[in-house]
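Novice: Taken in order, these protein sequences are the chains called A and B.
Heads up, the first sequence is in my numbering, so the first residue is 11 and it goes up one at a time.
Heads up, the second sequence is in my numbering, so the first residue is 86 and it goes up one at a time.
Treat the hints as calculated values from the structure; they're not laboratory data.
The reader is advised that the hints may include incorrect statements.
[Claimed, not checked] Take a look, some chain A residues computed to stay more than 10 Å from chain B by CB distance:
hint: 1; residue: F58
hint: 2; residue: P82
hint: 3; residue: A158
hint: 4; residue: T183
hint: 5; residue: D200
[Said to hold, decoys possible] With beta-carbon atoms standing in for the labels, derived distance ranges:
hint: 6; chain 1: A; residue 1: D141; chain 2: B; residue 2: Q158; range: 23 to 33 Å
hint: 7; chain 1: A; residue 1: G177; chain 2: B; residue 2: I88; range: 19 to 29 Å
hint: 8; chain 1: B; residue 1: D96; chain 2: A; residue 2: D368; range: 28 to 38 Å
hint: 9; chain 1: B; residue 1: V91; chain 2: A; residue 2: V228; range: 51 to 61 Å
hint: 10; chain 1: B; residue 1: Q186; chain 2: A; residue 2: E302; range: 35 to 45 Å
hint: 11; chain 1: B; residue 1: V91; chain 2: A; residue 2: T374; range: 32 to 42 Å
hint: 12; chain 1: A; residue 1: E59; chain 2: B; residue 2: E145; range: 25 to 35 Å
hint: 13; chain 1: A; residue 1: D238; chain 2: B; residue 2: Y171; range: 46 to 56 Å
hint: 14; chain 1: A; residue 1: D368; chain 2: B; residue 2: V91; range: 50 to 60 Å
Glycine included, C-beta positions come from ideal geometry on N, C-alpha and C.
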Amino acid sequence: MAIAAPAPRKIIIEPVTRVEGHGKVTILLDEKKQVQQARLHIVEFRGFERFIQGRPFWEVPVLVQRLCGICPVSHHLAAVKAMDRIVGGENLTPTAEKMRRLMHYGQMLQSHALHFFHLVSPDLLFGFDADPTIRNVIGVAKRFPDLAVQGVMLRKYGQEIIKATAGKKIHGTGAIPGGINKNLSIAERDGFLKDIEQMLTWSHGALKIARDYTLEHVKDLAGFGTFDSNHVSLIRADGAMDLYHGNLRAIDPRGKSIFDQVDYQRYFDYVAEEVKPWSYMKFPFIKSLGPEQGWYRVGPLARVNACDFIDTKEAEAARQEFVKLLGGKPVNVSMAYHWARMVELVHSAEKIRDLLHDPDLQGTDLLVTGVRRREAVGLIEAPRGTLFHHYEVNEHDQVVRCNLIVSTTNNNTPMNRAVEDVARNFLSGTEITEGLLNRIEVAIRAYDPCLSCATHAMGQMALIVEVVDCDGRLLDRKARGGGADAE
Amino acid sequence: MAIPGVTVDADYQLSIETAAAVAQHEYVVFADASVAGPEPFAFYPVHPAAQGTFSTHLIEPEDVMGMARDLFQAKAKGYALAIRGYAFHDFGETLSDKALQNLAAGLEFIAPLLQDCAFDTASIQYVR
Numbered sequence: 011m012a013i014a015a016p017a018p019r020k021i022i023i024e025p026v027t028r029v030e031g032h033g034k035v036t037i038l039l040d041e042k043k044q045v046q047q048a049r050l051h052i053v054e055f056r057g058f059e060r061f062i063q064g065r066p067f068w069e070v071p072v073l074v075q076r077l078c079g080i081c082p083v084s085h086h087l088a089a090v091k092a093m094d095r096i097v098g099g100e101n102l103t104p105t106a107e108k109m110r111r112l113m114h115y116g117q118m119l120q121s122h123a124l125h126f127f128h129l130v131s132p133d134l135l136f137g138f139d140a141d142p143t144i145r146n147v148i149g150v151a152k153r154f155p156d157l158a159v160q161g162v163m164l165r166k167y168g169q170e171i172i173k174a175t176a177g178k179k180i181h182g183t184g185a186i187p188g189g190i191n192k193n194l195s196i197a198e199r200d201g202f203l204k205d206i207e208q209m210l211t212w213s214h215g216a217l218k219i220a221r222d223y224t225l226e227h228v229k230d231l232a233g234f235g236t237f238d239s240n241h242v243s244l245i246r247a248d249g250a251m252d253l254y255h256g257n258l259r260a261i262d263p264r265g266k267s268i269f270d271q272v273d274y275q276r277y278f279d280y281v282a283e284e285v286k287p288w289s290y291m292k293f294p295f296i297k298s299l300g301p302e303q304g305w306y307r308v309g310p311l312a313r314v315n316a317c318d319f320i321d322t323k324e325a326e327a328a329r330q331e332f333v334k335l336l337g338g339k340p341v342n343v344s345m346a347y348h349w350a351r352m353v354e355l356v357h358s359a360e361k362i363r364d365l366l367h368d369p370d371l372q373g374t375d376l377l378v379t380g381v382r383r384r385e386a387v388g389l390i391e392a393p394r395g396t397l398f399h400h401y402e403v404n405e406h407d408q409v410v411r412c413n414l415i416v417s418t419t420n421n422n423t424p425m426n427r428a429v430e431d432v433a434r435n436f437l438s439g440t441e442i443t444e445g446l447l448n449r450i451e452v453a454i455r456a457y458d459p460c461l462s463c464a465t466h467a468m469g470q471m472a473l474i475v476e477v478v479d480c481d482g483r484l485l486d487r488k489a490r491g492g493g494a495d496a497e
Numbered sequence: 086m087a088i089p090g091v092t093v094d095a096d097y098q099l100s101i102e103t104a105a106a107v108a109q110h111e112y113v114v115f116a117d118a119s120v121a122g123p124e125p126f127a128f129y130p131v132h133p134a135a136q137g138t139f140s141t142h143l144i145e146p147e148d149v150m151g152m153a154r155d156l157f158q159a160k161a162k163g164y165a166l167a168i169r170g171y172a173f174h175d176f177g178e179t180l181s182d183k184a185l186q187n188l189a190a191g192l193e194f195i196a197p198l199l200q201d202c203a204f205d206t207a208s209i210q211y212v213r
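The following block holds chain B by itself, in its conformation from the complex (with noise of 0.2 Å):
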């Protein structure tokens, strides 16, 4: 997706400067595969944390959100797009089948938000 205004940042894992970024953001989708949940994927607001944990290997989006809230005074809403995937304890290279489809079906999802930036409209089914 090569959309005008939008960021695009892949990461292994969050991170303190996460929320740097997304202080210089209007809105964040936190995208990730989720090990459990909706199929094909849920969607839903990510709330700053009041009262966020942080370590170096664990960090959650609620927790980047606040503390690009606290340090940055970030505005920016924050939302999650939770893909579902299945084999995550087998080694490979490649997504499972069910997977791909989930990937594809988030992919159809988010680009038309992303495209009109249109995450205030009331026309967004969260799926969770």
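Looking at chain A on its own, in the form it has when it is part of the complex (with noise of 0.2 Å):
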């Protein structure tokens, strides 16, 4: 008779705090009570790709916004970016296409101005071990006011960018297939630009913390959440950083290249979704390589390391720092991504300034036509890493097929293995301490992830850890926050 292997133990924590959406995360242990593998579980249902089929194709770029309400606009870009082809409207007008990458780079600096400040900002400023109520933005606060205040009126000057060029702060209609509906008035043009040096300036001093924070902490972030990744962004022909429209480039942990220029019209030949059955988020992977070797990482610290320069004078020196001082690129530590999202904060700054003395933007000339497709698909870096939007459409006007891959599901298996990293370092026994549960969200944080953009549903924000035995027994439980605590 056989004897069964004994199950691993598990060890759970869910959800996860200062994030976005709901995820839980399971430690499971072997015989010998080593961590055999951790998985972050993303609990909510998916189901937009569903939602959308039937709608008239002209509403999807309204529609999709309601995915999440953290990065409407980068939905609205994607989705309008398959719809120009759709229309036979892609060659934008110049004033089409500045007023969108503005609405982009509002939305750039807003969010990453809002995660760094409002969302990191307490771990690098207290440190991972302090206490969960002091380490959150109430805290920064109190003890760091200004920096806060920098926080909230970067985002404001963000969501401002975004109501004059979407029409809405929150899901616009702005861009429509084939071009903009309004340009951009001088009036709203001279209030930007009055407030402009200012963004800039606090970017700066934002950058100049997350940059010091990692050179202080270097030995530590080493061995904490870091390993070899493929990379994945947009890049521009000339090998620039570009965060609206370019072609796909991907590079091995080494920087050697795996594919480069591809027109993302083709991404399924390049890349493929895996499904694993305790997860309702995919685990997309470089074809060529299959799914053991093919994951890769996307968003800031993935562009950074992907393009071959940044084309704005401050971000660009920037940038030669970063991968200068953490010897040279790629840079696989996770936590590095704090670093290069403020690289690309300046870098948001600095194009929004550029734009906004670019007459273009009184331009009149809106909207393009052309021949009518079946098919496209609408990529962009979003804040968060490169978004996928793909449409089929019928001959009534109606989508019949829709495919998403959204940032968060790039770095899915990134996402797992800094969990699986953390717990390999910091789990001792099978006591979940409060040193574990913080590192773990910290390296999860480091990915800025929106589990509801990844599911498309939205979500509670608490933490529940338990641990739970081989026979399934409940050894231990611990609850932090929102929810989690009205047991």
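With the hints as a guide, bring the two chains together.
Specialist: The structure is reproduced here in structure tokens:
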């Protein structure tokens, strides 16, 4: 008679605080009580690709923004880029393209500022082991009020840019298939120009905090969620970082090209998605490498790693320092996401400033059309990483198929790896300590995940930790924050 | 409602920059649909939270008021107008008939308060 191997012991952390949405972490132990595997579960239902079917294509750039209250602009723009092609209007007028770019950099500015100042800075300013009742935005507001105000004002500035270009701060309607429905008035432009230098100064302040923190803790961070990975991002034809448009580039952990300048209309020839039974979130990978070797990072770290240069002066100087001080690229330290994100914050502020000085924003040629198509892909570099929107439309203008690969989904395997790395290094015995909890949260937060986006639903934030033995008995349970306290 | 001296800001959800807007006003009314509570609406004061919580998907009016006070030294007085709704789980483009009636009642209640800036008068009937 065969004797069944003992089931792995499980430690469950559910859900995760200060990230967007509802996830839980399970750490599986083997019979020697060593970490066998860590899984970041996404437990919300994914269904948006079905909701969209049957809707007229012109509604889609507005509808898809309901995926998320955090990065609706990214969904708006990725969808409309696909619909540009559906109406044959992908060669936008200068005014339309620059208005969209302004909208996008506004989104990037507000999203990166919000994440850094209000979600991450408590970890960096107070340390991972600080009391969670202090290690939050309220604690930052009390100890570092100027910093907290800067975060609010950067976010507000980005939101106002979005309002001026998209019509509304949330769920705007500015970008339409083939163009844009408004330009930027002189009064709006002058209002933004008045404050842009202040935004740049504050962005540099945030960059310095992220840089100094990383360099000060570089030895510790090298052993914290650090692992080799491939990196994927959009890239301009000349190799520059381009957050709005370009072709796909993938590099391996040493920086060697896997593919380059790939037209994203054929992304499905290069990227595939794997499904696993324990998560609603799919696991994308580079086809030529297979699921085991082909997973990759996206987002600020991948973009800074993948590009040859940044086309704004101050961000390029920051990129060069980033690459040099961390031992050459690619950088595979998860916590370096924060530094890379702040390089992009400066880049976004510079781009906004440059665009505001461009008279094309006051142009009146807003819309183009061309030969209709039935299928199209829209891609954009969202704050959290590469965002894929793929649609098929029938002869009645209805969407008949939709596939979305959102940024957080692209980072699914790296986030799991980061949690596993932390668990291996910081789990002692079977007890979930506050220190382990804190570090798992910090590792996940480095990726700025939007779990709501990745599963297309909204969740609640709290932290529940459970230790369950191999027989399913609950050995330990901890609750922290929000609804989790209300057991 | 186009009432002089009243700023209307429609948003999908509250966020940190709402605190900056609060700080520029004397009185703030957070008006939204409520999934539970009295019909046709509840109207009650919103006090700044002493130890608030924050996430980008969930921030309570009390936390916004707390941030406005702590970050911008705001002295604004806050109120909530919670208009009872019903069909939150149905997909649709219009409000239910009952919710529309409640909305009309809420508007009828709030308009004169805004018009006369009468929040400090004893005549306000707090429903909750």
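Novice: Is 19 to 29 Å respected by the C-beta to C-beta distance linking G177 of chain A and I88 of chain B?
Specialist: holds (23 Å)
Novice: Check the following: the C-beta atoms of D96 of chain B and D368 of chain A are separated by a distance inside 28 to 38 Å.
Specialist: The hint (28 to 38 Å, Cβ to Cβ) holds, given that D96 of chain B and D368 of chain A are roughly 29 Å apart.
Novice: Has the hinted range 35 to 45 Å been met by the Cβ atoms of Q186 of chain B and E302 of chain A?
Specialist: Violated: the Cβ-Cβ distance is about 60 Å, outside 35 to 45 Å.
Novice: Verify the CB-CB distance for D141 of chain A and Q158 of chain B against the hinted window 23 to 33 Å.
Specialist: holds (26 Å)
Novice: Please check whether D368 of chain A and V91 of chain B have a Cβ separation lying inside 50 to 60 Å.
Specialist: Violated - the Cβ-Cβ distance for D368 of chain A and V91 of chain B, about 36 Å, lies outside 50 to 60 Å.
Novice: Is it the case that P82 of chain A keeps its Cβ farther than 10 Å from each residue Cβ in chain B?
Specialist: Non-interface label on P82 of chain A violated, nearest chain B Cβ at 8 Å vs cutoff 10 Å.
Novice: A cut-off of 10 Å on Cβ-Cβ distance, and A158 of chain A was said to be off the interface with chain B. Does that hold?
Specialist: Per Cβ check, A158 of chain A is inside 10 Å of chain B; nearest 6 Å; violated.
Novice: Does the Cβ distance between E59 of chain A and E145 of chain B fall inside 25 to 35 Å?
Specialist: At roughly 32 Å between Cβ atoms, E145 of chain B and E59 of chain A fall inside 25 to 35 Å, so the hint holds.
Novice: Against chain B, does D200 of chain A hold up as non-interface, every C-beta pair farther apart than 10 Å?
Specialist: D200 of chain A is indeed farther than 10 Å from all Cβ atoms of chain B, at 20 Å.
Novice: For F58 of chain A, which was marked as not at the interface, is the minimum beta-carbon distance to chain B over 10 Å?
Specialist: holds (13 Å)
Novice: Beyond 10 Å from every Cβ of chain B: is that where the Cβ of T183 of chain A lies?
Specialist: Per Cβ check, T183 of chain A is outside 10 Å of chain B; nearest 13 Å; holds.
Novice: 46 to 56 Å was suggested as the range; check whether the CB atoms of D238 of chain A and Y171 of chain B agree with it.
Specialist: Given about 53 Å between the Cβ atoms, the range holds.
Of the numbered hints stated above, those contradicted by the structure are hints 2, 3, 10, 14, listed in ascending order.
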